[in-house]
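Mapped onto the numbering used here, the consecutive letters of the sequence shown carry residue numbers 8 to 213.
Fair warning: there could be bad hints in the mix.
Taking lysine-lysine and the DSS-like style, the derived pairs with C-alpha atoms no more than 27 Å apart in a straight line are [as the list claims (entries may be wrong)]:
#1 Lys71 - Lys85
#2 Lys71 - Lys61
#3 Lys85 - Lys159
#4 Lys157 - Lys180
#5 Lys79 - Lys61
#6 Lys61 - Lys86
#7 Lys85 - Lys196
#8 Lys86 - Lys71
#9 Lys86 - Lys159
#10 Lys196 - Lys159
Distance windows between CB atoms, simulated [said to hold, decoys possible]:
#11 Pro82 - Gln197: 36 to 44 Å
#12 Tyr189 - Glu102: 22 to 30 Å
#13 Gly43 - Glu186: 24 to 32 Å
Hints in this document: simulated from the structure, not taken from any laboratory.
Please read these numbers as outputs of a predicted model, since none were measured by experiment.
Just so it is clear, CB atoms sit at the ideal spot from N, CA and C, and this is done for glycine as well.
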Amino acid sequence: MGSSKKESPRQKMIGMMYLVLTALLALNVSKEVLEGYSVVNTSVVQTNDAFVSKREDMYARMEKDYALNQTKVEPYLKKAREARELSAAIITYIETLRDELIAYTENIPIDSARNVSVQNLKNKDNYTIPTNYLTGVKDDGSSGRAGELKRKITAYRENMLNLVAPHIREQVKIGLETEGNYFNAVGQKQSWENYYFYDIPLAADI
């Protein structure tokens, strides 16, 4: 039975340097990915602003049409107003959740969290604190704020679909699906909460 050959000091040093290089490369990739999240966040904000403008134009046209023909437009305007209220409520909820998550992870007041950009976050690569906050103590992640978020999204989706006439409801693709099959990198089934928020850095959560 042969014994394993001992490494020379030079071989040990080469091995150590290889490990350090690998770690540095991983860090650089992480930084690039995190910067990518900042870019994506900026794009999302700009897209949202564009949609807000289009949506307000649509509401203004409906109000104008209502002034011309109240009987015909009133049922649609009523539903549009309900949709507006439902959307405003969930937007406020999500924005507050985002601000609370930032405040909790960065250890700053929530007023400061509202105004800080993703790029300027000190702990944007931290995944431990956001994971604990969002997925909680249950294995399926449902006891944290992500579970609450899922329930809010599900209720919002159902309420919005209820505004659509039953005979065309199946044709409406509203998205916001929270039920389905979610798997991790090794093929294990996951809950919606864990799939999106377990071991995910702050920048990605935002």
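So, going through the hints one by one against the coordinates:
no.: 1; hint: Lys71 - Lys85; verdict: 14 Å, holds
no.: 2; hint: Lys71 - Lys61; verdict: 15 Å, holds
no.: 3; hint: Lys85 - Lys159; verdict: 22 Å, holds
no.: 4; hint: Lys157 - Lys180; verdict: 18 Å, holds
no.: 5; hint: Lys79 - Lys61; verdict: 23 Å, holds
no.: 6; hint: Lys61 - Lys86; verdict: 18 Å, holds
no.: 7; hint: Lys85 - Lys196; verdict: 42 Å, violated
no.: 8; hint: Lys86 - Lys71; verdict: 16 Å, holds
no.: 9; hint: Lys86 - Lys159; verdict: 20 Å, holds
no.: 10; hint: Lys196 - Lys159; verdict: 23 Å, holds
no.: 11; hint: Pro82 - Gln197: 36 to 44 Å; verdict: 42 Å, holds
no.: 12; hint: Tyr189 - Glu102: 22 to 30 Å; verdict: 25 Å, holds
no.: 13; hint: Gly43 - Glu186: 24 to 32 Å; verdict: 29 Å, holds
Figure legend: structure checked against the earlier numbered hints; the only hint not met is number 7.
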